[in-house]
Structure formats: C-alpha cells, structure tokens
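On the provided structure of chain H, position chain L as indicated by the hints.
So the sequences go chain by chain: H and L. No gaps in the numbering here: position 272 of the first sequence is 271 in numbering that gives the first Met the number 0, and each next residue is one more. No gaps in the numbering here: position 259 of the second sequence is 258 in numbering that gives the first Met the number 0, and each next residue is one more.
Source of the hints: derived by calculation from the structure; they are not laboratory data. Since the model is a prediction, treat every value here as computed from it, not as a measurement. Take these hints with a grain of salt, some might be off.
Below, in silico cross-link-like pairs of lysine-lysine (BS3-like), each with a Cα-Cα straight-line distance of 30 Å or less [what the hints assert, rightly or not]: (1) H:216 <-> L:284; (2) H:216 <-> L:317; (3) L:173 <-> H:216; (4) H:178 <-> H:334; (5) L:74 <-> L:340; (6) L:248 <-> H:283; (7) L:247 <-> H:181; (8) H:70 <-> L:185; (9) L:248 <-> L:74; (10) L:284 <-> H:350; (11) H:350 <-> L:247.
Residues of chain H clear of chain L, computed beta-carbon distances all greater than 12 Å [what the hints assert, rightly or not]: (12) 85; (13) 89; (14) 118; (15) 181; (16) 219; (17) 274; (18) 298; (19) 331; (20) 361.
Label-pair ranges, simulated between beta-carbon atoms [stated by the list, open to error]: (21) H:121 <-> L:145: 41 to 49 Å; (22) L:231 <-> H:281: 49 to 57 Å; (23) L:148 <-> H:144: 32 to 40 Å; (24) H:231 <-> L:23: 41 to 49 Å; (25) L:148 <-> H:191: 28 to 36 Å; (26) L:314 <-> H:109: 51 to 59 Å; (27) L:21 <-> H:195: 36 to 44 Å; (28) H:191 <-> L:284: 18 to 26 Å.
Note that beta-carbon positions come from the ideal geometry of N, C-alpha and C, so glycine has one too.
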Amino acid sequence: MIRCVQTEIIKRLFGGKSVNRSTTLKMLSVDPSSSVGASMRKEEGTRPLVGILATFVGSPLEREIADAVQKTRPDIRFEVFVRGKPTISEKEMEDLKSCEILIADPNIIMDHNLANNLPNLKWMHCLWAGVDRFTRSFSPSGPFPSYLLTRNGDFFCIQMAEYVFGYIIDKERHITEMKKLKEQSLWKRLPYRTLSELTLGIVGFGDIGKEIARVAKAFQMNVWALVKSFPKDGEQGPHVDEYRLSSDLPELLAASDYVVSILPSVPSTDGFFDGDILSHCSPKLTTFMNIGRGNVVKDETIIAALDRGWIGGAVLDVFSVEPLPEDSPLWTHPKVIVTPHIAGLCISGSKIAGDFVQNYDRFVKGETLPYTVDWDKGY
Amino acid sequence: MDGHRRLESTDRPPAVGVLFNYHSAVVIANTLKKLSPKMRIELVSSGLDLSENDKRKLDSLEILFTQPNLVQSLKLHLLPNLKWMHCLIAGVDLIVETLKSEKSISSFPVTRNASYFDLQMAEYVIGIILSRERRIADVHENQRNQIWDQEVFRKFRPLTDISIGICGFGSIGKEIARVAKTFGIKVYALVRNLPTEAEQSPTVDEYKSIGELGDLLSSSEYLVSILPCTPSTNGFYDGDVLSMCRRKKTVFINIGRGNAVSESTVIRALNEGWIGHAVLDVFDKEPLPAESPLWSHPGVTITPHISGTHMIPERFVKVALDNYNRFFRGESLLNIVDVNKGY
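Looking at chain H on its own, in the form it has when it is part of the complex (with noise of 0.2 Å):
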C-alpha cells in the first residue's frame, strides 16, 4: 500500500551555499510493474531518499550522474547531493543520514567515519571498482553494515584493459623512444616483436581479468589466467590458453612475458609476489604489471627483482602507499613506469547512471545485485 507523503525537493549544496532541509521521505512500497508515466501519476514521495556523496574537482559529476538518471527515468530523483570535500556540515551529515540509497565515494565515506553512521540506509553504490579500504576497515568476523554494498565493476573493465595494452604496445613498438629520435632527427628502425609472439599472464581473474583476456586475444597472444579454482568443463572462456591455481604461480610466470596482477587487497593477497617468487620470471625477463592494489608487492622487491635480472621491468599503477611518497626508489629506477593510480581513473556519468538505474530496479524488486561485495570475501 502506498503512502502519499509531502516532499520538496532539496536544493543541491555547492560549496557554503546552503540547503533547504526537506521532510524525510520514506519508502513503503514500489509497484515494480509501473511504468514512467503510472508512477509520475501517482502521488510524490514514494520514491527512496537517493543521494550521491562524492568529491570530484572541475566538473560536478555527481550533477552530471542525477542529470543523466532523469533523463531516462524521472521517477528516480536524487535528494541530497553532497560535496565531500574539504568539510562536511552537520546539516549534510543529517541529509546523508537520511538517505535510504546513496551513490557513494567509499573513500569519502572511511573519512567521514560514515561506514556504521548511516542508519536509514539499505543500499549503497560505489563509484568505483576497488573497496578494499572500506571492507579492510571491519574486523574480518564482523559486525558488518547492514545495508547492501555494491561496486562499479563493469564500466572500469574496457578502461584497464586499455592502460594495459597501452602501456605493452608502448614498449613493444618503442613509441616514446620514436618520439626522442624525431626529436634527434634521426631515422632508425628498432626491431620489434608483436603481441601474437607473445604470453600475457593475468594474477586476478574477475571482471576486470576476464576483459584484459579477451582484448589480448584480439591482439593473438597467448593468454594464461591464475584462478582460484579450475573452470569446469564446458565453463573455460574462450579467451584463455592456460588456466593455474595459485600453487602453479611459478610455471605462469616463468612462461608470461607480461604478467598482470589485478589482485584485490584482502589478507590472503598480502605480498603475494613477495620473497623470491618473481625469480621465475628470469627466463622470459617478464614485465611485470600491477593495477590492482599495492598490497601485493613491496617497493623493494620490485628494485631487488629488476636489479637481479628476474624481471624486465615493472609497471606499477598501484602501491603500498598512495601518492607513492618522495623518497621511494620506483621513481627514479630506469626500469619502472610509475603511473598515479590512473588506471580506471575515468568517470563517465552517464556510465555510472546506466549501471544505477539497473540495480535500482532490481534493488526495488528486492533481485540480487551484481558486483555486490561479499563481507567475507571483501570484494
């Protein structure tokens, strides 16, 4: 049974402008057969309180996520928009308390101390796909929030395996060293191999994993995927040559010439490649690739490992500490490229509002979400 209530819409807060405190709304019921048109019908406030809770310098991408959610479906209205930085006020406090569904920036949330202060709500959506800072901030028995978490997993996939490939083709076809010729005038041919000569190793085999699988094999490269457990027969990807348990990790990197991890933080990732794993590497001089979390390996083995001939090289979009502090080695080695945590860093708020929109229809239908994060698993 629907109730009507009385709601206004509250006045989006930029900076010190400040905001029209709205009567909560609460949500009863939704009639998951409605359409558009029947629910613009019905009486207002039916509808969840929806806010979005993000940071973001230049453009308002939080403006631009609720802009492109309306226009498809008005029956979605956001309700609270809040800037997390550099403050937030009590009154936005009070607002993301009364959210029901929030849009999130999980980093924003760790700040703020919001993970267990936010007690209306049932459901939220991270911006982006890593939650570990959030999920590792609980103790591993719990108690855990109680509301769903889901993160962004799909729209970051085509983007990592772009900064991926970009970076492989990059060394491989010498373009930044063809840029230093051109500005020496000279003409000088390097020889090169292909990606098809090649084997990409993948350590983290989710989405993301599965994504950089499928673009090397457009590229003919010989695949190898680190899994936790073997896919069952009739369940193999087509994009992958070689599938091996993590016991097997040495016979995949003695046989990648790029290894790439997208292994998530939890305990069970800690130093993964720690110790003297990454000397299986030396008999193709493997590149090694991190884009998954700097839990995984420390600074200093990435230098011991290059500087004893294990790998080739490193490139690192993650790493224990983030921004990667002054004094670190990784800067200045000749064989590594630092990247600054940029991998998946683009944001399209159209992107995020497609995803939403779907999960909001199966969260109101009460369906499973996908890429919800599993407490335990801790992603």
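Just chain L now, kept in the frame of chain H:
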C-alpha cells in the same frame, strides 16, 4: 595468362628464386625449405654486376619470390621464363611501375603477401591512439619530475567515446576496424563501392563512399590512411581536403604510402588548425631527409616506416607457400595484383 601449370609426378619442380635483402633472404629460404622440403630454392641477386652464373640462374627461373625495390633494379628481360612472381610484402607500387614500363614482359601473374601484415599494423595504430589518449608522454614527464598528479589525468576519454575513419579498406583496413571495435571505437570506413547489407562487416559502424569523404573526416577523432600508391591516390589529401577535419581536429595517421599527402599539406593543415596532429610512417622519400621540416614540427610524430615490417618467418611465407601449391595444382592464386588498378 593464368600462369599456372600442372606438375607431372615425374617432373622435377622448377626452382623458386628468392630475391630479397640478403640476410632476410637466407631466413626466408631456410624457412621455405623447412616447411616444404621438396622445394628447390635459388638465392638470386639483382645487383648491377651480375655474374654469368647469376644470369644463368635468372634465365631459367619460372617462379620468383621477391620485394619491389629489388625488382626495380632487376632487368626483367633477364627472366624470359618467368611464369609467376610473388611479392613478399604488401605494397606493390614499385613492381607495378616496373611492369608497366616493360609492357611486353607483364604476362605472368603477380601475387602479394596480404593478411600477414594486418595485425601488426593494427597494433601500431591502436598503440598510437592509446599512447595519445592515455597521455603516456605526460605520465613519463610527471615521473621524471616525481610528480604524483591524478587530477590532470582524470578527464581522459575512454576509447568508447571516439571514432576512427579508415581510408583504404582492404585487408589491413578491415583488421584495423576489428581491433578498433575490440575497444569499442566507432568505425567509419571509406570504400569505393558501398557494400550490400549482406557484405557489411559487423566491425564497421558506417561505410562512406569517396563522395562522402567530408562526412568521414568531420566525424573522426582519428583518420588512418592505408591507401596504396596509385595514380588515383596521388595527393588524395592535398588542397583543402583536410580542412574538413576541423570539427574534431582529427589526428591524421598515414601508414599507406607517402604519395597521398605532401609535406606542405601536412604542415599547412597543422598550422591552420585543421588537424590536431599528424602521425606519419610513410613519406615521399625514405629515409625522410634531414632537412625536411616535418622533423622539427611539434605537431608531427615520425616513425620510420615500421608499422608492418616485422618478419615472423613461418607466417611471412605462408601465402607464398599456399600459392606455390595452388600453382602446381592448377588452382587460382591468392592475392593477385591487378596491374591496371595498381594493387
């Protein structure tokens, strides 16, 4: 003349002449021998000082595997028995020129190595695009200065937001389209004849005829030219053509042949703000002379004709071998060059 002839089981197969840069010629010959042990191979030279032995070899040759610039310096009348010439590289313009100038000898089929180069050229194109879009040069610069700055990279465009216009839609162009689609890039293809619906490729979003070149240019963030060198492609982009790139300040990539656009056109297009950048792998004269203004223009990226020059021996000779078998079975040859069309 179709050029093939049946080989009786008692016949000794005619020798295959390999005329190629010396070191590669040896690799090619060894690879052919490995894959086809019964093949007889003669390494031949095209030099000015041909010994009597060289001339004898050439005189008896019926089959020649070669590269265009060496054919140019070879006197074709020294090969009166030639029945089939296979060009081991994709660009045959120099062979076509040579054949046209020695009209009486062009009675044998010429085939070329197609498909082998496609993927490595598509790799080059995507590599160039990714390097620009993900601002790898800026990343390196920041690293040199030990600057950790995310914000400056936040607004990059995913490849799903950009379009590529492919001019010259043969097997290389099609492969570029396929790889571009892998990344979700929107693909426009310039074709001489618009395909029927059944003939359309799923990797092309829109086909454009030559008359619609302007449409293609104004819609593409990247323009890739793989046009062959023929009289009809001379100066294809000269004049004001590139002004139609103004809308998106298209990045112009040339991996076809240098005849399609003059140096002065490229410089003008950059200075007028028609194109945003030019990535040139091919030129009128190669190596590009030191005095060319392209070297010092900041809007130009120069690569020394390397988009498709890597040899993987067994794959490199695949079409040649395939055609060799077809030649003796009396089957039609693959990738025949139309001397009149020029490719």
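Verification of the supplied hints:
{"no.": "1", "hint": "H:216 <-> L:284", "result": "violated, 36 Å"}
{"no.": "2", "hint": "H:216 <-> L:317", "result": "holds, 21 Å"}
{"no.": "3", "hint": "L:173 <-> H:216", "result": "holds, 17 Å"}
{"no.": "4", "hint": "H:178 <-> H:334", "result": "holds, 18 Å"}
{"no.": "5", "hint": "L:74 <-> L:340", "result": "holds, 23 Å"}
{"no.": "6", "hint": "L:248 <-> H:283", "result": "violated, 41 Å"}
{"no.": "7", "hint": "L:247 <-> H:181", "result": "holds, 26 Å"}
{"no.": "8", "hint": "H:70 <-> L:185", "result": "holds, 24 Å"}
{"no.": "9", "hint": "L:248 <-> L:74", "result": "violated, 47 Å"}
{"no.": "10", "hint": "L:284 <-> H:350", "result": "violated, 47 Å"}
{"no.": "11", "hint": "H:350 <-> L:247", "result": "holds, 23 Å"}
{"no.": "12", "hint": "85", "result": "holds, 15 Å"}
{"no.": "13", "hint": "89", "result": "holds, 28 Å"}
{"no.": "14", "hint": "118", "result": "holds, 33 Å"}
{"no.": "15", "hint": "181", "result": "violated, 5 Å"}
{"no.": "16", "hint": "219", "result": "violated, 7 Å"}
{"no.": "17", "hint": "274", "result": "holds, 27 Å"}
{"no.": "18", "hint": "298", "result": "holds, 14 Å"}
{"no.": "19", "hint": "331", "result": "violated, 8 Å"}
{"no.": "20", "hint": "361", "result": "holds, 24 Å"}
{"no.": "21", "hint": "H:121 <-> L:145: 41 to 49 Å", "result": "holds, 45 Å"}
{"no.": "22", "hint": "L:231 <-> H:281: 49 to 57 Å", "result": "holds, 54 Å"}
{"no.": "23", "hint": "L:148 <-> H:144: 32 to 40 Å", "result": "holds, 33 Å"}
{"no.": "24", "hint": "H:231 <-> L:23: 41 to 49 Å", "result": "holds, 47 Å"}
{"no.": "25", "hint": "L:148 <-> H:191: 28 to 36 Å", "result": "holds, 31 Å"}
{"no.": "26", "hint": "L:314 <-> H:109: 51 to 59 Å", "result": "holds, 52 Å"}
{"no.": "27", "hint": "L:21 <-> H:195: 36 to 44 Å", "result": "violated, 26 Å"}
{"no.": "28", "hint": "H:191 <-> L:284: 18 to 26 Å", "result": "holds, 23 Å"}
In the structure shown, a violation is registered for the earlier hints numbered 1, 6, 9, 10, 15, 16, 19 and 27, in ascending order.
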